[in-house]
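Protein chains: 2
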Amino acid sequence: MESTNGLVTDAEIKSFFDSAPPLRDRVGIANKLKEFIQLNSASQGNGSARRVVCVTSGGTTVPLEQRCVRYIDNFSSGHRGATSTEYFIKAEYAVIFLYRRGSCQPYCRSLPEDPLLECFEFTNGSNVQVRQSCSEAVRRAINDHHAAVAAGHLLKLPFTTIFEYLQILQMIAISMRNLGPHAMFYLAAAVSDFYVPWKDMAEHKIQSASGPLDMRLVQAPKMLSVLRKEWAPMAFCISFKLETDSKILLEKADMALKKYKMHMVVANELVTRNEEVIVVTADKKIPVCRDKTQPGSDVENPLIELLVEKHSAHIKDADT
Amino acid sequence: MESTNGLVTDAEIKSFFDSAPPLRDRVGIANKLKEFIQLNSASQGNGSARRVVCVTSGGTTVPLEQRCVRYIDNFSSGHRGATSTEYFIKAEYAVIFLYRRGSCQPYCRSLPEDPLLECFEFTNGSNVQVRQSCSEAVRRAINDHHAAVAAGHLLKLPFTTIFEYLQILQMIAISMRNLGPHAMFYLAAAVSDFYVPWKDMAEHKIQSASGPLDMRLVQAPKMLSVLRKEWAPMAFCISFKLETDSKILLEKADMALKKYKMHMVVANELVTRNEEVIVVTADKKIPVCRDKTQPGSDVENPLIELLVEKHSAHIKDADT
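First to last, the sequence lines map onto chains A and B. Per the working numbering: the first sequence = residues 45 to 364. Per the working numbering: the second sequence = residues 45 to 364.
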């Protein structure tokens, strides 16, 4: 069933979606998407529609049992996706934020680990009160977040498993197709490379007998090429490559660019990912660093600036 | 190296701890433990010391790579441990809550998934305000939680990996040894049965080549018998058995009771675990159900009542 060039075949895609457990609340998600895209693709008064970006964030899980007790998880705090969402909204994009449940949320990254217990206290009148040290972080989290949602510029859709992630991504991409080159995909989620097909999975908890546990995982179908070719062929697409070994990073990013026909691949190394990334395009490798003269500055600030500029060029190219 | 009766050997334990990555802030944890146990083991005015229970909660992770990108996780919300902690504190125990980062916290279980964004809003004076619908849940979370910590009745220690979990559990158990029969272990955490020894682990991210991924995990050493035999031999010990298949549940609970010399094993099935459990002892199987005539009642309420009563008997037995 595997194609010879390493790309996913139609049969593999069909088999993945056919065998996946059905998505809960598919209709609700479809309605939210339709409404969000209608709202933001309408002319904004100045004759041009708002651009829409789908930001994916956090890691997917791969269940090892149907009644899930054990699963394989991909580490990702979701910090990159959450921070980038803030900068996209600042740059007047509408953002569909497809995020792992429990991962970092836009406008919330300066909060402590357990904000409710660490940022609030009761006064004698039994009124809840924000601690002085947290007040700016709490204001940003509640106020800016609510403002973005209320204005219709931020739609949040959660996932946990790779099955949920790919099914919702497909729905988003197909509903963004009509936006043509005004759509962007910023695929920062850490998607599992391997999975256990639902039908091959143990129904019950795997028993720990006396021996070791041998597991065979198969390659998860890479949906990037399908997204580019079929789901939203006019959209501007950026994927991410994370490695812990800097020696193979750029080579792997380059391979992903060509194989999946991405417009750009953001290459990042685990330990330095909040300091700098390298944006790999067909003809250039562009290093992007955070402004080290500014305390608390983010690498996402110049990164999103660069991407918005390249997206503008992509739209201009498509129009001519 | 494996012993013939399926129990863990001294060499296996030594090898696990020797090869584990060193615990961060070991000294800080040791100091907190010492202070907490001193405070609570001092006579409470009425001549008797407070009993101390170690509640473990949430699932452990097993890293698949040393610079961890991928790991295997055990599903556990931590609801059981968090709720039980509240009832133990109500029953005048001091609780050492050894919990998985991000899992459910005591006094917080009625909160929505993202309390900061869902429970608060800004008023025009830019004062933060609790939404009416959440006010009781927020009051409980902040007030009761802070009260328990401030009174010195609740010490919270977080873990993520199985390496952190077992290292901290060992420290807790050894520091509770002097409490003799007044100490209790309530081991509700979902600990991985399998793991990859740190030294066998890939240093870098496992590459997704063209084939399937074959993995071999070895059995994690079961520390329960060591806890009973060496770390805290006088303590009252309760472990948990969760299965998705009710047919094998009681048999497995019984086996665990005998093999690890637990005083009790709480048997629970995945789908009904919030409605009822069965407490397995050497001579009885005691079903414990939540009070269905009371809306919002917990199975942990009668469960902790039963355990406190059995713990009293254990202390009396030891004293005579």
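Hints should not be assumed to be uniformly reliable.
Claimed, not checked - Capping the alpha-carbon separation at 20 angstroms, the derived lysine to aspartate or glutamate pairs in EDC-like fashion look like this:
no.: 1; chain 1: A; residue 1: Lys243; chain 2: B; residue 2: Asp327
no.: 2; chain 1: B; residue 1: Lys200; chain 2: A; residue 2: Glu162
no.: 3; chain 1: B; residue 1: Lys200; chain 2: A; residue 2: Asp158
no.: 4; chain 1: A; residue 1: Lys200; chain 2: B; residue 2: Glu165
no.: 5; chain 1: A; residue 1: Lys200; chain 2: B; residue 2: Asp158
no.: 6; chain 1: B; residue 1: Lys243; chain 2: A; residue 2: Asp289
no.: 7; chain 1: B; residue 1: Lys200; chain 2: A; residue 2: Glu157
no.: 8; chain 1: B; residue 1: Lys291; chain 2: A; residue 2: Glu109
no.: 9; chain 1: B; residue 1: Lys296; chain 2: A; residue 2: Glu109
no.: 10; chain 1: A; residue 1: Lys291; chain 2: B; residue 2: Asp258
no.: 11; chain 1: A; residue 1: Lys76; chain 2: B; residue 2: Glu162
no.: 12; chain 1: A; residue 1: Lys200; chain 2: B; residue 2: Asp258
no.: 13; chain 1: B; residue 1: Lys76; chain 2: A; residue 2: Glu162
no.: 14; chain 1: A; residue 1: Lys296; chain 2: B; residue 2: Glu109
no.: 15; chain 1: B; residue 1: Lys200; chain 2: A; residue 2: Glu165
no.: 16; chain 1: A; residue 1: Lys243; chain 2: B; residue 2: Glu109
no.: 17; chain 1: A; residue 1: Lys200; chain 2: B; residue 2: Glu162
Calculated directly from the structure, the hints in this document are not laboratory data.
Results of checking the hints against the structure:
no.	hint	verdict
1	A/Lys243 - B/Asp327	violated (41 angstroms)
2	B/Lys200 - A/Glu162	holds (13 angstroms)
3	B/Lys200 - A/Asp158	holds (12 angstroms)
4	A/Lys200 - B/Glu165	holds (18 angstroms)
5	A/Lys200 - B/Asp158	holds (13 angstroms)
6	B/Lys243 - A/Asp289	holds (18 angstroms)
7	B/Lys200 - A/Glu157	holds (14 angstroms)
8	B/Lys291 - A/Glu109	holds (18 angstroms)
9	B/Lys296 - A/Glu109	holds (19 angstroms)
10	A/Lys291 - B/Asp258	violated (25 angstroms)
11	A/Lys76 - B/Glu162	holds (19 angstroms)
12	A/Lys200 - B/Asp258	violated (36 angstroms)
13	B/Lys76 - A/Glu162	holds (19 angstroms)
14	A/Lys296 - B/Glu109	holds (19 angstroms)
15	B/Lys200 - A/Glu165	holds (18 angstroms)
16	A/Lys243 - B/Glu109	violated (27 angstroms)
17	A/Lys200 - B/Glu162	holds (13 angstroms)
When each numbered hint is compared with the structure, violations occur for hints 1, 10, 12 and 16.
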